[in-house]
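Engineer: Using the sequences and the hints given, assemble the complete structure.
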Amino acid sequence: TQTVSQSDAHVTVFEGDSVELRCNYSYGGSIYLSWYIQHHGHGLQFLLKYYSGNPVVQGVNGFEAEFSKSDSSFHLRKASVHWSDSAVYFCAVTSMYDTNAYKVIFGKGTHLHVLP
Amino acid sequence: GGIITQTPKFLIGQEGQKLTLKCQQNFNHDTMYWYRQDSGKGLRLIYYSITENDLQKGDLSEGYDASREKKSSFSLTVTSAQKNEMAVFLCASSPRQSQNTLYFGAGTRLSVL
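Sequence order for the protein chains is A and B. One point on numbering: in my numbering, the residue at position 38 of the first sequence is 38, and numbering is uninterrupted. One point on numbering: in my numbering, the residue at position 8 of the second sequence is 1008, and numbering is uninterrupted.
Quick caveat, the hints were computed from the structure, so don't treat them as lab data. Be aware that one or more of the hints could be misleading.
No farther apart than 27 Å at their CA atoms in a straight line, the calculated lysine-lysine pairs in the DSSO-like style are these [stated by the list, open to error]:
| id | chain 1 | residue 1 | chain 2 | residue 2 |
| --- | --- | --- | --- | --- |
| 1 | A | K69 | A | K49 |
| 2 | B | K1070 | A | K108 |
| 3 | B | K1041 | A | K49 |
| 4 | B | K1057 | B | K1009 |
| 5 | B | K1071 | A | K49 |
| 6 | A | K49 | B | K1083 |
| 7 | A | K108 | B | K1083 |
| 8 | B | K1022 | A | K108 |
| 9 | B | K1022 | B | K1041 |
| 10 | A | K108 | A | K49 |
Structural biologist: Next comes the structure, spelled out in structure tokens:
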């Protein structure tokens, strides 16, 4: 069974700061990892995905994430946040090949607060 | 581009009532999902459907039924609404060649009196 853990329920930073949102997963096989963003009152929007190759993947709006097999992590980063980045961020995992392929499991989310 | 339409946007029900939520997508995606979102608990998978006429249980399927009537639509039924229940139900779809890239609807907010 795949699981996703986002250890921080809330993260608060000032505009222009860098930020890292943490995601750890547990699964023994090959997986896809993704990040999504949810603004208040809306559905989730896809940010970026990793499945193989370069462990650092680039997404929209300056976001990037780094996969680490040794740490079982897929942390999301941004070098300089804007107030509009205030939202809830979800990490998600899917098995690539086994009977759980297509079963997409999400973490509990991290609420990013960007202060002016 | 495409869109996922969830109806209704708001649903108020009575305890014990059977309630149906609908989802339509025009992406022509094979896979569709229903998630429940509760504050502080993230998204929990209720049902998903890999292709038309397929149905797979998620981790929270008890108390729900689902139906993939055709490729573009996926409905969810709350079989017996629980008193004071409040949650948002999110529908999503994804193309078969791009697992883990989901496109979400805006959600249906359920309140049970």
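Engineer: Each of the hints needs a verdict: does it hold here or not?
Structural biologist: These are the hints, each one checked on the structure:
Using a Cα cut-off of 27 Å, the hinted pair K69(A) and K49(A) holds, with the two alpha carbons roughly 15 Å apart. Taken as a hint, the K1070(B) and K108(A) pair is broken in the structure, with Cα atoms around 31 Å apart against an allowance of 27 Å. Between the alpha carbons of K1041(B) and K49(A) the distance comes to roughly 22 Å, so the proposed pair stays at or under 27 Å and holds. Straight-line distance between C-alpha atoms of K1057(B) and K1009(B) comes to about 24 Å, which keeps the hinted pair within the 27 Å bound.
Proposed proximity of K1071(B) and K49(A) is supported: the alpha carbons are some 25 Å apart, at most 27 Å. At roughly 39 Å between alpha-carbon atoms, K49(A) and K1083(B) are farther apart than 27 Å, so this suggested pair is violated. Between the alpha carbons of K108(A) and K1083(B) the distance comes to roughly 24 Å, so the proposed pair stays at or under 27 Å and holds. For the proposed pair K1022(B) and K108(A), the alpha carbon gap of about 25 Å is at most 27 Å, so the pair holds.
A hinted pair counts as satisfied when its Cα atoms are at most 27 Å apart, and K1022(B) with K1041(B) qualifies at roughly 23 Å. Proximity of K108(A) to K49(A) is assessed by CA-CA distance (about 18 Å); at most 27 Å being required, the pair is judged to hold.
Violated hints, in rising order: 2, 6; the structure is consistent with all others.
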